[in-house]
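Colleague: Listed in order, the protein sequences are those of chains A and B. Heads up: take any position in the first sequence, counting from 1, add 27, and you land on my numbering. Heads up: take any position in the second sequence, counting from 1, add 101, and you land on my numbering.
Some hints here could point you the wrong way.
As the list claims (entries may be wrong) - Quick list of simulated restraints, FRET-style, between CB atoms:
hint: 1; chain 1: B; residue 1: K169; chain 2: A; residue 2: A29; range: 35 to 41 Å
hint: 2; chain 1: A; residue 1: G67; chain 2: B; residue 2: F119; range: 23 to 29 Å
hint: 3; chain 1: A; residue 1: E98; chain 2: B; residue 2: A205; range: 21 to 27 Å
hint: 4; chain 1: B; residue 1: T172; chain 2: A; residue 2: G86; range: 22 to 28 Å
hint: 5; chain 1: A; residue 1: Q107; chain 2: B; residue 2: Q182; range: 43 to 49 Å
hint: 6; chain 1: B; residue 1: T121; chain 2: A; residue 2: E132; range: 23 to 29 Å
hint: 7; chain 1: B; residue 1: S180; chain 2: A; residue 2: I129; range: 27 to 33 Å
hint: 8; chain 1: B; residue 1: T121; chain 2: A; residue 2: Q68; range: 17 to 23 Å
Stated by the list, open to error - Partial list, computed: chain B residues near chain A (C-beta under 8 Å):
hint: 9; residue: F119
hint: 10; residue: F163
hint: 11; residue: Q194
hint: 12; residue: K200
hint: 13; residue: L201
hint: 14; residue: A205
Unchecked claim - List of simulated lysine to any residue pairs, SDA-like, C-alpha gap at most 20 Å:
hint: 15; chain 1: B; residue 1: K157; chain 2: A; residue 2: E132
hint: 16; chain 1: B; residue 1: K153; chain 2: A; residue 2: H131
hint: 17; chain 1: B; residue 1: K153; chain 2: A; residue 2: E132
hint: 18; chain 1: B; residue 1: K153; chain 2: A; residue 2: I129
hint: 19; chain 1: B; residue 1: K161; chain 2: B; residue 2: S196
hint: 20; chain 1: A; residue 1: K105; chain 2: A; residue 2: G80
hint: 21; chain 1: B; residue 1: K169; chain 2: B; residue 2: T125
hint: 22; chain 1: B; residue 1: K161; chain 2: A; residue 2: R108
hint: 23; chain 1: B; residue 1: K157; chain 2: A; residue 2: H131
hint: 24; chain 1: A; residue 1: K38; chain 2: B; residue 2: K161
hint: 25; chain 1: B; residue 1: K169; chain 2: B; residue 2: G102
hint: 26; chain 1: B; residue 1: K157; chain 2: A; residue 2: R108
hint: 27; chain 1: A; residue 1: K44; chain 2: A; residue 2: E132
hint: 28; chain 1: A; residue 1: K38; chain 2: B; residue 2: G144
hint: 29; chain 1: A; residue 1: K44; chain 2: A; residue 2: L144
It should be emphasised that the hints constitute simulated quantities derived from the structure, not laboratory data. Glycine is no exception: its CB is placed at the ideal position from the N, C-alpha and C atoms.
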Amino acid sequence: GAGVSQTPSNKVTEKGKYVELRCDPISGHTALYWYRQSLGQGPEFLIYFQGTGAADDSGLPNDRFFAVRPEGSVSTLKIQRTERGDSAVYLCASSLTGGGVIPHEQFFGPGTRLTVL
Amino acid sequence: GNSVTQMEGPVTLSEEAFLTINCTYTATGYPSLFWYVQYPGEGLQLLLKATKADDKGSNKGFEATYRKETTSFHLEKGSVQVSDSAVYFCALQRSNDYKLSFGAGTTVTVRA
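Using the sequences and the accompanying hints, generate a full structural model.
Modeller: Here's what the structure looks like:
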């Protein structure tokens, strides 16, 4: 079956612009995650959705970042007034459910490489 | 808080050599431990996992044993191939939590 997909695969924008990054999770997965991977680093957690609600957005770096998942499937990560420091690969993952004593595997998408000039 | 420390790279090996990548962790309770792999041009994939102490995860010839006494989860492969060239990430997830905490990654290059 289809895995997690993300669009666009690459996004180049200018400082100060607004961008939207899209994630299509695996069908039937109720949990969705966004991570950010800076060059030479491991992914860092941004936000977690269980269904339509953001259960934990503690990883969002500041109020320029926002994410939605209005119908409990597709999610969009929105970044306002982009800065050069926002340049990174943004990864989306989904799992059957979130949490649990033994967590379900998180399946990752290919990522969106964001470059802010 | 939770943290993962893994061996710095890059690591360059010849084909059929033995590979080990060290990973240690700090976490409360009994987390699940993972190794993820990122092949060139591809997304992050789960390589193997272990969910409790003394468990051994294995896949594609790779193995890692969950050692609670040393808080470690070292990745090993006895005979690497060129196709094993990739970036390897150690990660943990606490019980009843949902976020993964990753190490910085180790780049492995295998030469023919």
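Colleague: Would the pair K153/B and H131/A pass a check requiring their Cα atoms to be no farther apart than 20 Å?
Modeller: Holds, at about 14 Å.
Colleague: Cβ-Cβ distance between E98/A and A205/B: within 21 to 27 Å?
Modeller: violated, 36 Å
Colleague: The hint names F119/B as touching chain A; please verify it with the least Cβ-Cβ distance against 8 Å.
Modeller: violated, 24 Å
Colleague: Is the hinted pair K157/B and E132/A satisfied, with a Cα-Cα distance of at most 20 Å?
Modeller: Holds. K157/B to E132/A sits at ~17 Å (cutoff 20 Å).
Colleague: Check the hint pairing K105/A with G80/A against an upper bound of 20 Å on the C-alpha distance.
Modeller: holds, 16 Å
Colleague: Regarding the pair K38/A and G144/B, is the alpha-carbon distance no greater than 20 Å?
Modeller: Status holds; Cα separation ~17 Å.
Colleague: For the hint on Q194/B, just tell me whether its beta-carbon gets within less than 8 Å of chain A.
Modeller: holds, 5 Å
Colleague: Indicate whether the distance between the beta carbons of T121/B and Q68/A respects the range 17 to 23 Å.
Modeller: holds, 22 Å
Colleague: Checking one constraint from the list: CA of K44/A to CA of L144/A, max 20 Å. Satisfied?
Modeller: Measuring from Cα to Cα gives roughly 10 Å; hence the hint holds.
Colleague: Would you say the C-beta atoms of T121/B and E132/A sit inside 23 to 29 Å of each other?
Modeller: holds, 24 Å
Colleague: Take the C-alpha atoms of K169/B and T125/B, compute the straight-line distance between them, and say whether it is at most 20 Å.
Modeller: Judged against 20 Å, a Cα distance of about 10 Å means the pair holds.
Colleague: Sort out whether E132/A lies within 20 Å of K44/A, counting only the CA atoms.
Modeller: It is violated: about 35 Å lies between the C-alpha atoms, which goes past 20 Å.
Comparing the model with each numbered hint stated earlier shows that hints 3, 9, 10, 19, 22, 24, 26, 27 do not hold.
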